[in-house]
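As given, the protein sequences belong to chains G, P, D and Z, one line each in that order.
Just so we're aligned, residue 1 is where the first sequence starts under our numbering, counting upward by one.
Just so we're aligned, residue 1 is where the second sequence starts under our numbering, counting upward by one.
Just so we're aligned, residue 1 is where the third sequence starts under our numbering, counting upward by one.
Just so we're aligned, residue 1 is where the fourth sequence starts under our numbering, counting upward by one.
Please keep in mind that the hints were generated in silico from the structure rather than gathered at the bench.
Fair warning: there could be bad hints in the mix.
[Stated by the list, open to error] Which chain P residues stay away from chain Z? Per the calculated CB distances, all over 12 Å, these:
1) Y158
2) R234
3) L311
4) K324
5) R325
6) D352
[As the list claims (entries may be wrong)] In silico DSSO-like cross-links for lysine-lysine, where the CA-CA straight-line distance does not exceed 30 Å:
7) K324(P) to K193(P)
8) K318(D) to K143(D)
9) K81(P) to K54(D)
10) K318(Z) to K163(Z)
11) K193(D) to K245(G)
12) K245(G) to K141(D)
13) K245(D) to K56(Z)
14) K193(G) to K318(D)
15) K215(D) to K243(D)
16) K243(D) to K54(Z)
17) K141(P) to K193(P)
18) K54(D) to K245(Z)
19) K193(P) to K228(Z)
20) K193(G) to K245(G)
21) K193(D) to K143(G)
22) K140(D) to K193(D)
23) K143(G) to K318(G)
24) K54(Z) to K163(P)
25) K81(Z) to K56(Z)
26) K163(Z) to K215(Z)
27) K193(D) to K141(G)
28) K193(P) to K163(Z)
29) K243(P) to K163(Z)
30) K141(G) to K243(D)
31) K81(P) to K318(P)
Virtual Cβ for every residue (Gly too), placed ideally from N, Cα, C.
Number of protein chains: 4
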Amino acid sequence: MLAARMYGYKQPLVLEDVETPQISSTQVLVRVGGAGMCRSDVQLIDGYFEGAIKPKFPITPGHEIAGLVEAIGDDVPETAKLAIGDQVVVAAGWGDGICRQCRVGNEQICEHGSWPGFGPPGGYAEFVPVPYRQLIRVEKKLKWEELAPLTDAGVTPYRGIKKLRAAGVLGPDRVMAVFGASGLGSYAVQYAKLLSSGATVVVFARNQEKLAIAKERGADCIINTRDKSLNDLRNELVRLTGKAKLDAAIDCVGAVETIQTGFGLLATAGAFVSVGLVGNRIDIPLFPFTAGEFTYHGSFWANYSDLQEVLTLAQQGKIQHSIKRSRFQDINENLEMLRRGDIIGRAVIVFDVNAATPDHKVGRDLVSV
Amino acid sequence: MLAARMYGYKQPLVLEDVETPQISSTQVLVRVGGAGMCRSDVQLIDGYFEGAIKPKFPITPGHEIAGLVEAIGDDVPETAKLAIGDQVVVAAGWGDGICRQCRVGNEQICEHGSWPGFGPPGGYAEFVPVPYRQLIRVEKKLKWEELAPLTDAGVTPYRGIKKLRAAGVLGPDRVMAVFGASGLGSYAVQYAKLLSSGATVVVFARNQEKLAIAKERGADCIINTRDKSLNDLRNELVRLTGKAKLDAAIDCVGAVETIQTGFGLLATAGAFVSVGLVGNRIDIPLFPFTAGEFTYHGSFWANYSDLQEVLTLAQQGKIQHSIKRSRFQDINENLEMLRRGDIIGRAVIVFDVNAATPDHKVGRDLVSV
Amino acid sequence: MLAARMYGYKQPLVLEDVETPQISSTQVLVRVGGAGMCRSDVQLIDGYFEGAIKPKFPITPGHEIAGLVEAIGDDVPETAKLAIGDQVVVAAGWGDGICRQCRVGNEQICEHGSWPGFGPPGGYAEFVPVPYRQLIRVEKKLKWEELAPLTDAGVTPYRGIKKLRAAGVLGPDRVMAVFGASGLGSYAVQYAKLLSSGATVVVFARNQEKLAIAKERGADCIINTRDKSLNDLRNELVRLTGKAKLDAAIDCVGAVETIQTGFGLLATAGAFVSVGLVGNRIDIPLFPFTAGEFTYHGSFWANYSDLQEVLTLAQQGKIQHSIKRSRFQDINENLEMLRRGDIIGRAVIVFDVNAATPDHKVGRDLVSV
Amino acid sequence: MLAARMYGYKQPLVLEDVETPQISSTQVLVRVGGAGMCRSDVQLIDGYFEGAIKPKFPITPGHEIAGLVEAIGDDVPETAKLAIGDQVVVAAGWGDGICRQCRVGNEQICEHGSWPGFGPPGGYAEFVPVPYRQLIRVEKKLKWEELAPLTDAGVTPYRGIKKLRAAGVLGPDRVMAVFGASGLGSYAVQYAKLLSSGATVVVFARNQEKLAIAKERGADCIINTRDKSLNDLRNELVRLTGKAKLDAAIDCVGAVETIQTGFGLLATAGAFVSVGLVGNRIDIPLFPFTAGEFTYHGSFWANYSDLQEVLTLAQQGKIQHSIKRSRFQDINENLEMLRRGDIIGRAVIVFDVNAATPDHKVGRDLVSV
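From just these sequences and the hints, can you work out the full model?
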């Protein structure tokens with residue numbers, strides 16, 4: 001099969017022919033239909049995670065995976081209700097199953113866990129082996145480009161916003177901010193509307209085109225942060241919402257500046273959640289944090305249940321996407337565009353799975369866009 | 001009456017004779033029995049809060065106040081159950097009563113609120129006027145030096161630890177850390193034992209004498225952090241507790257280093273709460289915060305209910321104190337010692353209230369220690 | 001002024017001319033614009049609350065009150081931002097201000113509290129005195145008949161549903177039930193949609209006309225319970241939603257049967273909240289309750305913040321009403337219709353406040369409908 | 001091997017020689033060291049669960065199991081850290097692993113789950129096969145009679161009290177009640193002290209001998225309920241605690257009367273949790289439940305993490321037991337005593353596992369007591 005593999009840091013992926021993977025008795029072989037391209041793939045290649053993850057090269061990146069069930073291991077129980085040909089998505093945190101986090105379903109933060117594309121082979125390939133417990137069947141078929149991104153870009157802000165909801169800071173007379181309007185942000189604004197029980201949702205970003213999409217996605221107000229001071233932003237917030245402070249904020253960017261701005265605008269007893277990872281530092285003043293009784297949550301990817309919930313929304317037609325369909329051959333060009341921030345919405349590699357034959361021979365004709 | 005007043009930043013207080021305050025119809029005049037001396041008094045004098053609080057000089061500091069009811073305003077309702085001569089403590093956050101925070105009882109973080117000693121006259125005086133809603137009657141009389149510090153040093157870590165308890169990270173197989181073993185820390189260790197449902201409590205500090213007291217107060221383990229790296233500390237933690245990570249931590253210091261150490265040792269999904277304010281910056285790495293799904297709470301002072309709970313514990317004899325009784329005349333010397341970190345436990349000015357006459361003339365003979 | 005007063009149980013109200021009330025220094029005199037008629041007024045007259053409330057007759061019922069500020073007590077602070085002529089609604093739980101419940105804002109369940117219309121004079125009169133802290137100003141003027149019912153029928157289910165939201169059982173792949181489609185139920189269905197983060201909302205009731213309105217108000221499905229067994233209802237639920245169990249339910253009725261049906265359909269770890277009070281007994285089997293780890297919440301009326309949130313929704317045009325405007329003269333006839341369950345939606349007495357003169361003389365010409 | 005098996009309702013168990021069970025590749029064979037005898041075994045025999053559980057006879061009861069690892073299936077991973085000879089206890093809810101409840105670790109309430117002793121063979125036998133994920137290794141060896149009961153009697157009230165703790169109603173100035181002082185109750189009182197952050201703990205029961213043990217186990221007060229009215233009990237509560245109401249209560253009995261008494265004494269916004277199942281009905285008045293904003297939790301058995309926490313406490317020596325060691329031969333006599341309520345504390349069958357040989361031949365000499 002064809003796979004795009006990484007042989008070391010700061011090098012292009014190598015698109016090459018490799019053996020189709022074997023599955024163990026509790027795995028399922030998934031024929032990849034769509035593979036989302038994520039900013040963290042660029043970070044992986046650029047070495048951002050070098051301290052945290054130690055992969056053995058070559059590895060196959062790609063952690064946003066949707067596909068068809070191609071083969072099922074002998075010990076996959078019937079209760080899993082999986083059949084050849086089912087459309088499935090892959091929940092991407094694979095834990096050891098016995099630690100404290102796994103026992104409450106948070107396999108994505110298992111200390112002995114792994115994530116496809118960051119160790120186990122990922123979705124930048126025609127097939128990928130997946131533990132059966134990590135698959136979610138899609139009842140009502142959706143397009144590959146609308147499924148794959150849900151497994152990370154489309155579910156990560158969802159989990160983050162659930163933390164804000166649980167913190168009790170969302171409701172009709174509240175103001176909630178979304179920082180960022182790219183991959184994660186364009187989903188975040190939609191969940192902000194769905195989960196906030198009527199809060200006013202304000203999107204902060206620097207790209208006017210992305211902000212315009214955020215408005216279409218349901219933002220009550222948008223604020224372009226480019227070249228504006230905290231005071232400027234506060235004044236604009238007052239003008240648009242009648243309030244000078246944010247009750248809640250999700251940061252889909254993760255730059256030092258977005259974190260500073262977010263806390264700088266946060267109301268007493270407000271809550272802030274970080275999902276974005278563009279920067280690598282939290283650097284904010286202590287006194288307002290303590291005296292304002294702020295709460296700050298880290299939120300990482302999402303667990304199986306979060307993804308199930310997001311898929312329910314998707315199947316109800318409640319999620320809109322900004323997608324750039326891409327060809328597998330163009331993967332390195334697309335990673336480069338992603339690195340430069342030039343992609344509006346999400347780039348998704350779409351495979352022509354209909355051409356696939358049941359005997360594991362793989363059609364090489366990739367989709368053109 | 002005698003009062004110690006502040007006429008400007010970075011100057012000693014002036015101990016002088018001023019008029020005994022008049023009370024409004026909903027206030028109570030309290031004859032001060034004990035006034036705790038707090039590191040934040042030093043910070044007030046040194047200008048730490050200059051950006052946040054704009055007092056009109058002269059002001060009378062002193063926010064840890066216990067005393068006797070001397071006079072009661074005409075509109076104080078009977079339901080308040082206050083009588084002349086009652087022993088009372090002062091809850092120190094006085095809110096506007098109608099904002100969102102006040103409506104849930106968190107007057108100490110009211111944006112239009114005030115705190116005695118930081119604007120309204122405080123306890124470095126023989127009398128202080130207090131809104132009746134802010135007084136808690138002590139049923140079972142306690143010593144002044146064991147009451148006054150409860151209103152800040154003795155209640156601030158209590159509120160912080162309640163936030164950790166509410167976060168669901170305390171229990172029998174958990175490790176909880178207290179950073180700091182001074183004023184707040186020596187109380188924190190006791191609440192850690194009382195509120196953690198059986199967690200192993202580890203105190204981290206740099207002063208061996210204070211650590212020894214923490215051990216007496218119930219710490220399961222103590223770790224001296226002086227000249228140790230994060231790795232050293234982790235190894236010591238493993239040796240003492242069998243675990244390499246902290247499930248929960250309260251920082252009673254607030255230095256950049258204690259925050260970094262605390263998060264450096266925090267377990268996945270762990271919770272950290274800041275009550276200490278020695279430093280003025282939070283500066284920690286973003287990726288472990290997000291990927292570890294840490295939760296970080298600011299906790300500020302305490303509200304009326306928190307103080308009621310702490311007083312219940314005190315009246316049950318469950319709180320031990322490390323007190324240095326002081327004379328009012330020596331206030332500037334004591335502030336200087338506090339600035340240098342030379343006071344073990346809490347310094348409390350104790351007034352000789354027994355010499356007081358009922359007609360508001362005040363005995364000038366202060367207690368010797 | 002004209003007032004409708006109750007002289008004893010099981011008697012019609014007496015519409016009579018009484019003196020306009022004096023206000024204390026912290027009260028506001030409100031000229032009643034609209035007074036909602038509630039099933040609990042009928043219960044009050046019929047003696048349902050005889051064990052719980054001991055009023056001194058005569059009393060003026062009417063606890064759903066909206067009006068205009070007519071006069072302001074001398075000690076009402078400026079921070080309250082109330083001016084003559086302001087449109088206001090009355091939060092109806094008036095607590096002692098110092099108990100545990102009041103300190104967290106739940107004055108409506110203060111053990112020493114009172115409720116206008118159940119002791120203090122209520123809204124079945126041209127004027128009513130109200131403590132200033134219990135008034136909420138309406139920024140964007142609304143009709144009397146759309147304001148008054150919000151203070152009970154329109155806020156009580158809101159608080160109940162907030163308890164379900166806090167219980168963590170609402171979300172995209174959940175089924176939430178509303179039992180009842182009358183006064184409270186027709187609001188509940190709207191909040192269910194607003195607060196449930198995408199749950200499927202099913203309304204259960206016996207009156208097809210009311211069910212049809214519930215559908216218009218946003219119910220995803222409606223189920224007529226008349227003459228149906230639990231099995232019938234479960235089958236209908238499966239047919240409509242694909243699921244056999246409810247994750248959450250709010251009971252706006254409170255009959256023995258609705259409680260039994262609700263718990264009979266509840267899913268493992270489901271949550272149920274009672275706001276309705278038609279019956280007076282909870283009678284359900286123990287084993288499924290325990291083995292299913294159900295949670296059951298009582299929810300009573302609402303507090304100030306709940307009402308503020310509902311008013312925010314109302315001013316954003318997010319709440320629809322089913323109102324029967326009534327004349328003050330017809331109050332006893334309307335109470336009788338309410339007793340028989342013959343009113344669709346909410347009956348609201350609307351006063352012609354425009355005819356009112358500033359000198360407290362009251363126009364007697366009531367609105368015709 | 002020897003097993004005590006149930007061939008139908010309302011018959012004695014049959015102690016007979018049966019084949020030692022085979023294990024699957026993911027199971028572990030446990031040589032039973034101790035098997036706790038539970039009131040629910042009597043209920044099982046008497047048909048209480050007939051509607052809920054449909055076992056195929058014969059079944060081997062016994063769900064409180066501690067033992068030694070005798071054999072390990074081939075696919076049990078090394079990460080499970082289990083070795084032949086390890087002392088282990090059995091977590092007793094075995095779920096399907098993929099439903100919503102299992103995904104958050106609550107396998108004991110899985111709708112497709114099972115419990116050893118209620119379907120799968122239980123601990124009234126010399127050996128029992130157990131899925132490896134359900135075993136918890138005991139690091140610091142404990143006596144069989146102190147281990148086995150922890151898996152139900154000793155962990156069920158622990159989970160219940162955690163629900164009260166999470167409800168936010170435990171703390172220094174609170175009163176918490178334990179109803180019942182038998183098997184579950186004598187553990188509940190200890191957890192009440194450990195988890196309640198300083199609440200006053202009151203035990204209500206009818207047996208003075210059991211109450212005396214509760215006092216020894218840490219109860220602050222005990223109240224004998226025999227022949228007392230609700231008013232009598234309230235007066236006694238006031239006399240002992242100074243308060244007339246309970247902030248929290250756990251019912252380890254489950255009789256109609258204990259539930260009525262518990263709610264009859266509950267304070268506004270109080271929380272009640274049912275773990276006992278002696279009766280089969282909840283029958284309480286609706287109005288006080290709703291108007292008092294009570295919260296009522298069902299709590300069923302416990303999950304793996306709960307048991308891990310309880311074992312941590314046990315290994316720290318923080319749990320005291322009231323045990324009656326029994327011989328396997330006397331099982332029917334002991335069940336009869338249990339039915340009559342004549343056992344103080346917990347009866348535990350203790351096997352002489354030291355006589356066991358490694359080759360799966362089983363010593364028949366049971367322990368005498």
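Consistency of the hints with the structure:
1. Residue-level check failed: Y158(P) sits 9 Å from the nearest beta carbon of chain Z, not beyond 12 Å.
2. Distance to chain Z confirms R234(P) as a non-interface residue, since its nearest Cβ pair spans about 21 Å, more than 12 Å.
3. Listed as a non-interface residue, L311(P) fails to keep its Cβ farther than 12 Å from every Cβ of chain Z; the least gap is roughly 8 Å.
4. Annotated as non-interface, K324(P) keeps its C-beta farther than 12 Å from every C-beta of chain Z; the closest such distance is 26 Å.
5. Taking the minimum C-beta to C-beta distance to chain Z, about 26 Å, the non-interface status of R325(P) holds against the 12 Å cut.
6. Its beta-carbon lying about 31 Å from the closest one in chain Z, D352(P) satisfies the requirement of being farther than 12 Å from that chain.
7. Distance restraint check for K324(P) and K193(P): the Cα-Cα separation of roughly 24 Å lies within the 30 Å cut-off, and the hinted pair is therefore satisfied.
8. Under the criterion of a C-alpha separation no larger than 30 Å, the hint pairing K318(D) with K143(D) is consistent with the structure, at around 14 Å.
9. Straight-line distance between C-alpha atoms of K81(P) and K54(D) comes to about 25 Å, which keeps the hinted pair within the 30 Å bound.
10. Between the alpha carbons of K318(Z) and K163(Z) the distance comes to roughly 21 Å, so the proposed pair stays at or under 30 Å and holds.
11. For the proposed pair K193(D) and K245(G), the alpha carbon gap of about 27 Å is at most 30 Å, so the pair holds.
12. With a C-alpha separation of about 25 Å, the suggested pairing of K245(G) with K141(D) holds against the 30 Å cut-off.
13. This hinted pair checks out: K245(D) and K56(Z) have alpha carbons roughly 27 Å apart, not beyond 30 Å.
14. Of the supplied pair hints, the one linking K193(G) and K318(D) holds, its CA atoms being roughly 14 Å apart against a limit of 30 Å.
15. Our distance criterion of 30 Å between C-alpha atoms is met by K215(D) and K243(D), whose separation comes to about 19 Å.
16. A threshold of 30 Å between alpha carbons decides the hint, and for K243(D) with K54(Z) the separation of about 23 Å falls inside it, so the pair holds.
17. A C-alpha spacing of about 25 Å is found between K141(P) and K193(P), which places the hinted pair at or below 30 Å, so the restraint holds.
18. Of the supplied pair hints, the one linking K54(D) and K245(Z) holds, its CA atoms being roughly 21 Å apart against a limit of 30 Å.
19. In summary, the hint linking K193(P) to K228(Z) is not supported, as the alpha carbons are separated by about 37 Å, beyond the 30 Å threshold.
20. At roughly 18 Å between alpha-carbon atoms, K193(G) and K245(G) fall within 30 Å of each other, so this suggested pair holds.
21. With a CA separation close to 28 Å, the supplied pair K193(D) and K143(G) stays within the 30 Å bound.
22. Between K140(D) and K193(D) the CA atoms are separated by roughly 24 Å; this keeps the pair inside 30 Å, and the hint holds.
23. With a C-alpha separation of about 14 Å, the suggested pair K143(G) and K318(G) falls inside the 30 Å cut-off, and the hint holds.
24. The straight-line distance between the Cα atoms of K54(Z) and K163(P) is roughly 45 Å, outside the 30 Å bound, and the hint therefore fails.
25. With a C-alpha separation of about 34 Å, the suggested pairing of K81(Z) with K56(Z) is violated against the 30 Å cut-off.
26. For the given pair, K163(Z) sits about 23 Å from K215(Z) by alpha-carbon distance, which is consistent with the 30 Å threshold.
27. Taken as a hint, the K193(D) and K141(G) pair is honoured in the structure, with Cα atoms around 26 Å apart against an allowance of 30 Å.
28. For a cut-off of 30 Å, the pair hint linking K193(P) to K163(Z) stands: about 20 Å separates their Cα positions.
29. With a C-alpha separation of about 27 Å, the suggested pair K243(P) and K163(Z) falls inside the 30 Å cut-off, and the hint holds.
30. The hinted pair formed by K141(G) and K243(D) meets the criterion: a straight-line CA distance of about 20 Å does not exceed 30 Å.
31. Straight-line distance between C-alpha atoms of K81(P) and K318(P) comes to about 25 Å, which keeps the hinted pair within the 30 Å bound.
Hint compliance for this structure: hints 1, 3, 19, 24 and 25 are broken, all remaining hints hold.
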